[in-house]
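Quick note, the sequences are listed as chains A and B, same order. End of the first sequence = 483 in our numbering, gap-free, step of one. End of the second sequence = 196 in our numbering, gap-free, step of one.
These are computed hints drawn from the structure, not numbers from a lab. The structure displayed is predicted, hence computed values, not measured ones. Every residue, glycine too, gets a C-beta built ideally from N, C-alpha and C. Be careful, since some hints might not be right.
Heads up, incomplete: computed chain B residues facing chain A, CB under 8 Å, no partners named [what the hints assert, rightly or not]:
1) D15
2) V168
3) V180
Restricting the straight-line Cα-Cα distance to at most 25 Å, the calculated cross-link-like pairs of lysine-lysine (DSS-like) are [to be verified]:
4) A:K393 <-> A:K299
5) A:K406 <-> B:K(-5)
6) B:K(-5) <-> A:K256
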Amino acid sequence: MDFNLDMNLNDQYGKNKKATFDKETLYDMLIIGSGPAGLSAALYAKRKGLKVGVLSNKVGGQVVDTTSVENYLGFDFVTGEGLVEKFMHHVQTLDVPMLKDADVKSFEKTESGFEVALSRGEIIKSKTLILATGSKPRRLGVKGEDAFIGRGVAYCAICDGPLFEGRDVVVAGGGNSAVEAAIDLSKIANSVTLVHRSEFRADQIIIDQLKRLSNVTIHLQTEIQEVFGDGLVSGVKVLDKATGETRELKIEGLFVEIGYLPNNQLVIDQLDLNNRGEIIVNALNETSMKGVFAAGDVTDTPYKQIIVAASEGAKAALTANDYINRG
Amino acid sequence: MALLNEQLQGQLKEVFSSMKNEITLAVFTKEGDCYSCEETIAFMKEIETLSDKISLETYDLEKDSERASEYNVVMAPSIVLLDSDKKYRGVKFNGIPAGHEINSFIPGILEVSGAGEALPEDLLMQVNALSKPVNIKVFVTLSCPHCAGAVQKAHKLAFESALIDAEMVEAQTFDELSNKFNVSSVPKIVINDQYEFVGNQPLEIFLEEIAKTQ
Ligand SMILES: Cc1cc2nc3c(=O)[nH]c(=O)nc-3n(C[C@H](O)[C@H](O)[C@H](O)COP(=O)(O)OP(=O)(O)OC[C@H]3O[C@@H](n4cnc5c(N)ncnc54)[C@H](O)[C@@H]3O)c2cc1C
């Protein structure tokens, strides 16, 4: 039996309670998001002596939904959570105030900087903002998908995998997350079919691992066209692009792992975005608005990876620090 | 062999040192076919040793049926948290709160001990305005990292209102109940067996759904 204790519980209660936010203070920097980009920005900002705080609604961001991380320098293997724990511990030794259950609703430019509004109605003020809101799973956009969310269509393999014990499932996608999900699910499900509309984009090392599994079938160049069922998913309709044939796969679970969409709701009408909806930043992580910087998966920086997000967060904090010092 | 290793025991002791008042873990098991009943008891016995503010009472779902119905316990294993007056505050766990659920179980203990933070004023007003009983079931899996957050929120609301009864339901242990509510993504929150949503949503959303039952 495992126990995955959250090492930060201690900070939530009693005598170890950490710094909290002050509504009257004008902060130097508010960071929205506590994924690798946000936490790394917090670390750099605090070490520069800035008055900084972090607002987020999910500590650790997407990293907590990752079973294992094997490509973050210095760790040959670490669970997603284990890594977040290290990140958080590092940041909290510097006593950075952090709201962990805060939905940021909007922000507004004011004379002295920005006012950030939380969905609970609170307002926090800051000279600069770092947007590190990350990304969320992309949907397939096929018939039946939305109707069956939570009824067989799932986007978090480690969360929902156990509910499909002994059942037949499909994983949609061909990148690292899809292949990893298929490997994880093969340990629980009766059978796993990986369906991807083109060729693999995943790292060869895990594709090889996947191919060795006996209860996994791989269909490349195959497109999912529809999810069907009666109350719950009972199958998907797929088109084999090579033969032009459509077939039905009888399955009870569809795990969608086809990439990510930026969490850009906060800035959609305020900042310049590219055609994928990502915030456009320059090499200094500046956005189209003065005083607003962005880092990580929400930006147009290529390669959505933990180490990339972390280093972008550092850069954004350093640029913001220069911006503040210039006055 | 101990379920909790030494390191974890030390960490939990430290967290429990923030407890305010005493609490009781009332654990219901049943004879015969009971998935994880034994482990749950063993786990609770270890928890009991980690703080002198925690005491354990064990009951049998059938033999102690009166007590079970007092706390609306209908499944086993089930853990009910009682405050220092031995009062049920609506905080309950069905199935073993291991894996990631330790992160709802430990906060549950702290909450019932009185060490929790107050709800924001506007939310508290909504909770106080309730007039009819509310049952919140939060279906989870033990491998779900953000499910514990949803359980914590439900328990927080229950602790604040005598009308709210909130229970974690471990979906694999209670697969019949999970199937009845078509649980195929977690956390799935079901209110009064009628209104439901998926995901660790903000407290505002919990209250919006709860309002529908009034
Ligand atoms: C299943 C899976 C496996 C992966 N595996 C790997 C891997 O092995 N190696 C690797 O390098 N990368 C991996 N990645 C990618 C990696 O997780 C991301 O690139 C990285 O987490 C991006 O970091 P980020 O800080 O930009 O954003 P995120 O991690 O997405 O964090 C976003 C943060 O913003 C907050 N937020 C968003 N909107 C709001 C709002 N309105 N109000 C308040 N807070 C808000 C969220 O709460 C969260 O804290 C994986 C991703 C997934 C999903």
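Hints, one by one, checked against the model:
no. : hint               : verdict
1   : D15                : 18 Å, violated
2   : V168               : 6 Å, holds
3   : V180               : 4 Å, holds
4   : A:K393 <-> A:K299  : 10 Å, holds
5   : A:K406 <-> B:K(-5) : 50 Å, violated
6   : B:K(-5) <-> A:K256 : 24 Å, holds
Checked against the numbered hints above, the structure violates hints 1, 5; every other hint is satisfied.
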